[in-house]
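Trainee: Each chain is listed here by its residues.
Protein chains: 2
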Amino acid sequence: MPFNKIILAEKDIPRQWYNLAADLPGPLHAPLGPDGQALKPAMLAKVFPMNIIEQEISTKRWIDIPEEVLKLLSLWRPAPLRRALALEKFLKTPAHIYYKDESVSPAGSHKPNSAVAQAWYNKKFGIKRLTTETGAGQWGSAIAFACNLIGLECKVYMVRISFDQKPMRKTMMQVWGAKCVASPSQDTASGREILKKTPHTPGSLGIAISEAVEDALSDESGSSRYCLGSVLNHVLLHQTIIGLEAKKQLKIAGEKGPDVVIGCVGGGSNFAGISFPFIYDKIHGKKIEIIPVEPTACPTLTKGPFTYDFGDTAGLTPLLAMYTLGHGFVPEPIHAGGLRYHGMAPLVSQAAVKGLVKPRSYDQIKCYESAMIWAKTEGAICAPETSHAIACAIDEAKKARQEGKKKVILFCYSGHGLMDLAGYEKFLSGKLTKYALPKHKLKKSLESIKGLPKIR
Amino acid sequence: MPFNKIILAEKDIPRQWYNLAADLPGPLHAPLGPDGQALKPAMLAKVFPMNIIEQEISTKRWIDIPEEVLKLLSLWRPAPLRRALALEKFLKTPAHIYYKDESVSPAGSHKPNSAVAQAWYNKKFGIKRLTTETGAGQWGSAIAFACNLIGLECKVYMVRISFDQKPMRKTMMQVWGAKCVASPSQDTASGREILKKTPHTPGSLGIAISEAVEDALSDESGSSRYCLGSVLNHVLLHQTIIGLEAKKQLKIAGEKGPDVVIGCVGGGSNFAGISFPFIYDKIHGKKIEIIPVEPTACPTLTKGPFTYDFGDTAGLTPLLAMYTLGHGFVPEPIHAGGLRYHGMAPLVSQAAVKGLVKPRSYDQIKCYESAMIWAKTEGAICAPETSHAIACAIDEAKKARQEGKKKVILFCYSGHGLMDLAGYEKFLSGKLTKYALPKHKLKKSLESIKGLPKIR
Chain A
1 MPFNKIILAE KDIPRQWYNL AADLPGPLHA PLGPDGQALK PAMLAKVFPM NIIEQEISTK
61 RWIDIPEEVL KLLSLWRPAP LRRALALEKF LKTPAHIYYK DESVSPAGSH KPNSAVAQAW
121 YNKKFGIKRL TTETGAGQWG SAIAFACNLI GLECKVYMVR ISFDQKPMRK TMMQVWGAKC
181 VASPSQDTAS GREILKKTPH TPGSLGIAIS EAVEDALSDE SGSSRYCLGS VLNHVLLHQT
241 IIGLEAKKQL KIAGEKGPDV VIGCVGGGSN FAGISFPFIY DKIHGKKIEI IPVEPTACPT
301 LTKGPFTYDF GDTAGLTPLL AMYTLGHGFV PEPIHAGGLR YHGMAPLVSQ AAVKGLVKPR
361 SYDQIKCYES AMIWAKTEGA ICAPETSHAI ACAIDEAKKA RQEGKKKVIL FCYSGHGLMD
421 LAGYEKFLSG KLTKYALPKH KLKKSLESIK GLPKIR
Chain B
1 MPFNKIILAE KDIPRQWYNL AADLPGPLHA PLGPDGQALK PAMLAKVFPM NIIEQEISTK
61 RWIDIPEEVL KLLSLWRPAP LRRALALEKF LKTPAHIYYK DESVSPAGSH KPNSAVAQAW
121 YNKKFGIKRL TTETGAGQWG SAIAFACNLI GLECKVYMVR ISFDQKPMRK TMMQVWGAKC
181 VASPSQDTAS GREILKKTPH TPGSLGIAIS EAVEDALSDE SGSSRYCLGS VLNHVLLHQT
241 IIGLEAKKQL KIAGEKGPDV VIGCVGGGSN FAGISFPFIY DKIHGKKIEI IPVEPTACPT
301 LTKGPFTYDF GDTAGLTPLL AMYTLGHGFV PEPIHAGGLR YHGMAPLVSQ AAVKGLVKPR
361 SYDQIKCYES AMIWAKTEGA ICAPETSHAI ACAIDEAKKA RQEGKKKVIL FCYSGHGLMD
421 LAGYEKFLSG KLTKYALPKH KLKKSLESIK GLPKIR
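Chains A and B supply the protein sequences, listed in that same order.
Per the numbering used here, residue 1 is the first one in the first sequence, and the count goes up by one each step.
Per the numbering used here, residue 1 is the first one in the second sequence, and the count goes up by one each step.
Since the hints were made in silico from the structure, they are not lab data.
All values derive from a computational prediction rather than experimental measurement.
Ideal placement from N, C-alpha and C gives every residue a C-beta, glycine not left out.
Do not take every clue at face value.
If you want the ones that stay clear, here's a sample from chain A, every Cβ over 10 Å from chain B, calculated [as the list claims (entries may be wrong)]:
1) K5
2) A9
3) Q16
4) S58
5) R129
6) T171
7) W176
8) Q186
9) R192
10) K197
11) G285
12) A380
13) K399
14) T433
15) A436
Below, a list of computed lysine-lysine pairs in the BS3-like style, where the Cα atoms sit at most 27 Å apart [claimed, not checked]:
16) K128(A) x K92(B)
17) K11(B) x K92(A)
18) K11(A) x K40(B)
19) K354(A) x K376(A)
Per the computed footprint, the stretches of chain B lying under chain A, defined by three or more beta-carbons under 8 Å from a beta-carbon of chain A, are [stated by the list, open to error]:
20) 103-109
21) 228-236
22) 378-386
23) 394-405
24) 419-428
Chain A on its own, in the form it takes in the complex:
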């Protein structure tokens, strides 16, 4: 009987994170302050604790995972590496399809990998309370979960439309002791101002970020900080445990390594997690195709320019060097809520600039069709975000069949879809359509970056 999964023992969990900043060819384009000058770490000290800021700017290749963080991670890690034998059979492919199952965390996605690390560093620095924003709710529930375990207060600003459409996400956060409010809220000056002008606004990630940052900064005791679940270097760093585990597991499975590595991309965190350790191999001469997959509705890497832009809609954050659709981008309400961000993690962006990763975009119909094939073969119901990676893995497995090559395909199964069944319901009842961002909309949203510094 061929095996379905490779499970590492707890003692084999990686002891260090891998930092791609140590190995990316060419200069790193650092964030800029509001004056267009390179940002100084001290300027961030009211937003993040200094131990996180040090990680954010580090170019050290390996960074130790604190023993206490390992202990928390091992509640669900090492995560299984599974082989999709039934899908392979269904596709009649000679390819071996492996997926790293990050749905096994209590919050149901890869997000807790960074959430527990961030909560731990904040606690260690003496912080008592974290604020954050959440869109679809994956990050909000992950940080609520982490703060609960570590003993921090937690306040989550959840985009109003998600708050109303996904009440169970709020309940999850409450079970874990977090306070979750709809954004815009009455709890901040920026929220109140927006509510005065547009009382019925559905909210946006940009507004929620503004509220969470304002909340942290306005705590006069100085014991609140802000945190976020993707984009920044330290978040991506924490996720590399995914790829590092997968590397060990592929070896146990007797594979020489992956020929293709795939992850869905929104801000970039699960993709970075699965791929960065293999980008290291690629830089050092291995032939690996590495594919970030985004929705055609939010084609940041495939259609956007690589330039400086704000991380949020309101323009409150530092300027980041990244692929972007412009911070004025207003996403369509497609269901892969985690993949609707206008920008892209700077490290992922710079890997794309150097040709180390080859982005691709898929529309939501193809993705849900792939999710249905997955459910019918492998049995599990995946998150709408994850379906993008599955769609690409299926394409690559078909290609391997056409080429007659026994390729090894590895992708990140970033989360389960049990909290997102409303999207499946819409797909099954024919209420979803294909959607690709039209040129005129892209042109319009790119107007928001006019006048911002260019990358030199």
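Put chain B on the given structure of chain A with help from the hints.
Mentor: Leaving out everything else, chain B in the frame of chain A:
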């Protein structure tokens, strides 16, 4: 660093199920037909395939698990045995608390253990389509999942009130290709009759069973059969893989065996799964306390008599020898939907009669409070049913502290609560109250068994 979990390799998955019927002391009280005479297997042949009927009446101790069933089970099995280190620390108990994590199946509970076996035996017998009922939706989604993998059509009659309150359960079943209708439905004569009399009825498990059985029997091609997710011997048999794995894992953990084994009970399937292999040990001289935990709202084992009663509300099924509240029992709408059955599996009932298990009942407030302690210490959100087992494990761990004994406590973590967050929402907002079945209600529902045969 102490370990959090023991994970068996796929090759160590048990190859046989354990059949308690081989070892229960005293005579087995067989089911009776409508005439009060012992039921003949052939009388069930239109309802179940003969290979399942053979399993149902078998008294063989070990029954081989077919290789193809093992292959399907190994999509998620062996399930982890986890140690609740953080809960132990929180309770300051010298006890070691272990739990068998059955929430890792794609449907989120232990139910697929029997669903894939039942679907496989039906397919092997030439059956093309299964019908069943579901209350809270755990069993309906498990059988939809299994039929999807094995290639059977599937029709699920879901109790109307659950169908309306839990639309996402229906979507889950649809993703897995099953047809799910609200019961009573227009699809059966019994459904139509009830709708004519009471068009706004919330439905009941009894009605749904009647519809599912009628549907299977009325398929003139003879290729439909009925199936169910608990109570009967063959269902309990399939679940013993839980306890058999746990036994191997406790040995790896260096424990001599459990001192206490706990499971929640509705129909009895997850409790049988975790406990039957240890009841074998108890029969053979080991000192083990084995505790089935039921809600005070549905106190079958703790308040009901042991007698013959129908398995359904309408009185269409054979008479089973079991603890029962009477088939006329109307459960209160507490949230542990899986624990609201009026009867109890005959094998579990007979183990209770012989004193091999010591039942206990808990009210829902104590259970939700325990679920909150669990979320705050171990991190995961449990199913409302599972919270009953957790509440008992906490009590036993406190008792061990008082006695100063290093006991080994094992319980079955039967499922996660991500599809049942509405119950948590009600608990957190103070809308739930304590509830125990009042004596006059019990007396009234026991009237329904008057005139039925007694156990000799």
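Trainee: Minimum Cβ separation between T433(A) and chain B greater than 10 Å?
Mentor: holds, 19 Å
Trainee: Next pair to validate is K128(A) with K92(B); report whether the Cα-Cα distance is within 27 Å.
Mentor: holds, 25 Å
Trainee: Confirm or reject: S58(A) is not an interface residue toward chain B, with every Cβ-Cβ distance exceeding 10 Å.
Mentor: Given that every Cβ of chain B is farther than 10 Å from that of S58(A), nearest at about 25 Å, it holds.
Trainee: Does the no-contact call for A436(A) survive, Cβ to all of chain B over 10 Å?
Mentor: Label holds. Min Cβ-Cβ 25 Å, cutoff 10 Å.
Trainee: Just want to verify: Q186(A) was marked as not at the interface with chain B; is every Cβ pair farther apart than 10 Å?
Mentor: Q186(A) is indeed farther than 10 Å from all Cβ atoms of chain B, at 20 Å.
Trainee: When you look at the beta carbon of T171(A), is every beta carbon of chain B farther off than 10 Å?
Mentor: Its Cβ does come within 10 Å of chain B, the nearest being 4 Å, so this is violated.
Trainee: Was R192(A) rightly flagged as not at the interface, with every chain B Cβ beyond 10 Å?
Mentor: holds, 26 Å
Trainee: Please check whether the beta-carbon of W176(A) is more than 10 Å away from every beta-carbon in chain B.
Mentor: violated, 6 Å
Trainee: Over 10 Å from every CB of chain B: does A9(A) meet that, or does the non-interface label fail?
Mentor: Incorrect as stated: the minimum Cβ-Cβ distance to chain B is 8 Å, not above 10 Å.
Trainee: Minimum C-beta separation from G285(A) to chain B exceeding 10 Å: can you confirm that?
Mentor: holds, 34 Å
Trainee: Any Cβ of chain B at or closer than 10 Å to Q16(A), or is the non-interface label fine?
Mentor: Non-interface label stands for Q16(A): nearest chain B Cβ at 16 Å, farther than 10 Å.
Trainee: Are there three or more residues in the region 228-236 of chain B whose C-beta lies within less than 8 Å of some C-beta in chain A?
Mentor: violated (count 0)
Taken one by one, the earlier hints fail for this structure at numbers 1, 2, 6, 7, 12, 18, 19, 21, 23, listed in ascending order.
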